[in-house]
Amino acid sequence: MISVLNWIALLAAMVTSIGLLLHQNWRWGVGLLAVQYLSIFWLVQTHWPVSMAAAKLVTGWMACVILGMANMNAETSGDTEASWPQGRLFRIFTAGIIVAATFALSLRASNWLGLGMPLTWTSLLLIGMGLLQLGITSRSFRVILGLLTILAGFEILYAAVESSVLVAALLSIVNLGLALTGAYFMNVTQDENS
Amino acid sequence: MSAPVLWIFLPFLLAGFLFLPRNQKVVALVACVFTLILTLAAWLVPIDTALNFGNWSFKLSSSFEILGRRLILTSADRSLLALIYGSSIFWFASSLANKTPRRIIPLGLAITSLLVAALSVEPFLYAALLIEMAVLLSVPLLSTPGKKPGKGLIRFLIFQTLAMPFILFSGWLLAGVDANPGDLGLVQQVTILIGLGFSFLLAVFPFYSWIPMLAEEASPFAVGFILWMFSTVTIFFGLSFLDRYTWLRDSPSLGIILISAGILMIVTGGLLAAFQRNLGRTMGYAVIIENGFSLLAISLGVKSDLSIFYMLFIPRVLSLLLWAFALTILKENYSTLNLDNLKGLAHTWPFVASGLVLANLALVGMPLLAGFPSHLAIWEGVASRSLPALIWILVGSLGLFINALRTIFNFVTVNEESPWGSRETILQHFFLIIGIVTIFLIGLFPQWTLLLWSNLPAIFTHFVQ
Numbered sequence: 020m021i022s023v024l025n026w027i028a029l030l031a032a033m034v035t036s037i038g039l040l041l042h043q044n045w046r047w048g049v050g051l052l053a054v055q056y057l058s059i060f061w062l063v064q065t066h067w068p069v070s071m072a073a074a075k076l077v078t079g080w081m082a083c084v085i086l087g088m089a090n091m092n093a094e095t096s097g098d099t100e101a102s103w104p105q106g107r108l109f110r111i112f113t114a115g116i117i118v119a120a121t122f123a124l125s126l127r128a129s130n131w132l133g134l135g136m137p138l139t140w141t142s143l144l145l146i147g148m149g150l151l152q153l154g155i156t157s158r159s160f161r162v163i164l165g166l167l168t169i170l171a172g173f174e175i176l177y178a179a180v181e182s183s184v185l186v187a188a189l190l191s192i193v194n195l196g197l198a199l200t201g202a203y204f205m206n207v208t209q210d211e212n213s
Numbered sequence: 007m008s009a010p011v012l013w014i015f016l017p018f019l020l021a022g023f024l025f026l027p028r029n030q031k032v033v034a035l036v037a038c039v040f041t042l043i044l045t046l047a048a049w050l051v052p053i054d055t056a057l058n059f060g061n062w063s064f065k066l067s068s069s070f071e072i073l074g075r076r077l078i079l080t081s082a083d084r085s086l087l088a089l090i091y092g093s094s095i096f097w098f099a100s101s102l103a104n105k106t107p108r109r110i111i112p113l114g115l116a117i118t119s120l121l122v123a124a125l126s127v128e129p130f131l132y133a134a135l136l137i138e139m140a141v142l143l144s145v146p147l148l149s150t151p152g153k154k155p156g157k158g159l160i161r162f163l164i165f166q167t168l169a170m171p172f173i174l175f176s177g178w179l180l181a182g183v184d185a186n187p188g189d190l191g192l193v194q195q196v197t198i199l200i201g202l203g204f205s206f207l208l209a210v211f212p213f214y215s216w217i218p219m220l221a222e223e224a225s226p227f228a229v230g231f232i233l234w235m236f237s238t239v240t241i242f243f244g245l246s247f248l249d250r251y252t253w254l255r256d257s258p259s260l261g262i263i264l265i266s267a268g269i270l271m272i273v274t275g276g277l278l279a280a281f282q283r284n285l286g287r288t289m290g291y292a293v294i295i296e297n298g299f300s301l302l303a304i305s306l307g308v309k310s311d312l313s314i315f316y317m318l319f320i321p322r323v324l325s326l327l328l329w330a331f332a333l334t335i336l337k338e339n340y341s342t343l344n345l346d347n348l349k350g351l352a353h354t355w356p357f358v359a360s361g362l363v364l365a366n367l368a369l370v371g372m373p374l375l376a377g378f379p380s381h382l383a384i385w386e387g388v389a390s391r392s393l394p395a396l397i398w399i400l401v402g403s404l405g406l407f408i409n410a411l412r413t414i415f416n417f418v419t420v421n422e423e424s425p426w427g428s429r430e431t432i433l434q435h436f437f438l439i440i441g442i443v444t445i446f447l448i449g450l451f452p453q454w455t456l457l458l459w460s461n462l463p464a465i466f467t468h469f470v471q
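As you go down the protein sequences, you meet chains A and B in turn. Taking our numbering, the leading residue of the first sequence gets 20, the next gets one more, and so forth. Taking our numbering, the leading residue of the second sequence gets 7, the next gets one more, and so forth.
One or more hints might be untrue.
To be verified - With the Cβ distance kept under 10 Å, some of the chain A side facing chain B (calculated, not the full set):
1. G135
2. M136
3. L153
4. I155
5. F173
6. Y177
7. L185
8. A187
9. L189
10. L190
11. V193
12. L197
13. T200
14. Y203
Derived by calculation from the structure, the hints in this document are not laboratory data. Keep in mind that this is a model prediction, so the values were computed, not measured. Don't be surprised by glycine CBs; every beta carbon is placed ideally from N, CA and C.
Let the sequences and hints guide you as you build the complete structure.
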């Protein structure tokens, strides 16, 4: 049963990370990120106590709230992606390549690391999708989503090898810091003194 | 009281309080006095040794436990603490003489304390997380209020954040290498991960594109501080890797990798600087070149001693501070830092122009200036190993030198007879003159700096001292 749930978590991570790549609306972005953290929580709790894994979930959701509130307060500039290519078809195609590549990689990596296939694939998939996100965007909000996705992928893998409370706390601070940085980027155009 | 509380937690707490006063002079004064106390304490107060004053006894313990891990600052770290906090005093004090944002001091102090924590945390790999927190704190420092974050800032955030997973994960693999040092495949994987982590962190070629971008778009003073602080701490963090892992230190490919990366940074940085017309970007390229020289100095001394690397410390901070200070004054008075926009600057801002050019020339390694002794030692060391490598290094330095010549030419060129004058304020005069004189003094008497860095080798237990 647990194994099935791990695969469901992988599926959720896949859908949300591809969704993050396709949807340009910030509401979708924040919502998908929140669901993504749910799947991360599930995979992390296979190696960590539920209480520590829950801290990761709460931190992730707090990051989502920060980004959501910042987007609500930020002036809607309506700027579009300056870089080429912007098409949805291209994004689906590249996401497909990442899914296939990470699947191939995770077959070897799961043996090497001694971890389950869903866990390894989810981790590599999120790292790959995050890197793809960073590669095709220059908008600060999307960059932060990409960085959070990469960190989420890394944290799944790292949770399997390191269970230090200090590391968990520092990684949570880094996640929150990234979300706050994103919020700062979105509101920095307003006067510093206001 | 423990040393980590004094040199990490107290400055971090004070940084929080320094956001409250509105008066920049008060903020700068408090920060300078406090960092001076920390510098003197690092210089004078022994760690883990009881000090007796009559009936009263005081002992500064070296360790502080937090969530099952420890922050450790021993007596061996005192000289580095003194240098880091001592240098910070000059950055904070000189911020009074230009219109840098008020937040530079509290954020600078918080970043300094986090980076000191990064150097003291055990297991030392957790430093990557603390460095990342310092990176996040740097973002408000490097962004311009009222403007969207530039590409340089975004890339800085991305590259520095990407470094963290590589270093943390390599730390886990290093435990495997310790258990099974004969596994060459694992050793190779660890080396690649560490290499990638430090390439991102230290902005090694080709991951340095953010430096000139950031130097162009952000406040030169903030950029100078961040580039100096991060590269210094990152290099010491990297050296602690080499110090702990004998197999890494004794690896035959380490020297080749360090020399190749160093030469690539110097050559590419120098060539790009030669054609650069923006003074901010030029400072960025100079930092890239200096980081390249650091890698060369480490490669020369990794199996003997690192004296040449320690020698780079003082001239670099001095030159970078003077350069950033002069650029900040120019940025306050001119719309861009493009050379074409700054013709005849030597007639109206003679001290700023002199400081800027001398800082540039000091980092080139011009005789009589602060950077010359350390650069000469590196040139000699490289020449004894590979003459083509030396030629490439000189090509890189020549690029920065050409830029300095072009800057001088533009600064002294005037289209019409304009009167000489000096628009700098008294405080700006003071800091610029002190900077210029010190650059000459250290160039003429390099042995004076020996007092400041002679105890630095004690930080590392396995390097030859």
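For each hint, the structure was consulted:
1. G135: The hint is violated - A:G135 has no Cβ within 10 Å of chain B, the shortest such distance being about 17 Å.
2. M136: Hint on A:M136: violated, closest Cβ of chain B at ~19 Å, above 10 Å.
3. L153: holds, 6 Å
4. I155: The hint is violated - A:I155 has no Cβ within 10 Å of chain B, the shortest such distance being about 13 Å.
5. F173: With a closest approach of 4 Å, the A:F173 hint holds.
6. Y177: holds, 6 Å
7. L185: Interface hint status for A:L185: holds (4 Å vs cutoff 10 Å).
8. A187: holds, 9 Å
9. L189: holds, 4 Å
10. L190: holds, 7 Å
11. V193: Check passed: Cβ of A:V193 comes within 5 Å of chain B, closer than 10 Å.
12. L197: holds, 7 Å
13. T200: Constraint on A:T200 satisfied, holds at 5 Å.
14. Y203: Constraint on A:Y203 satisfied, holds at 6 Å.
Hint check: violations occur at hints 1, 2, 4; the rest are consistent with the structure.
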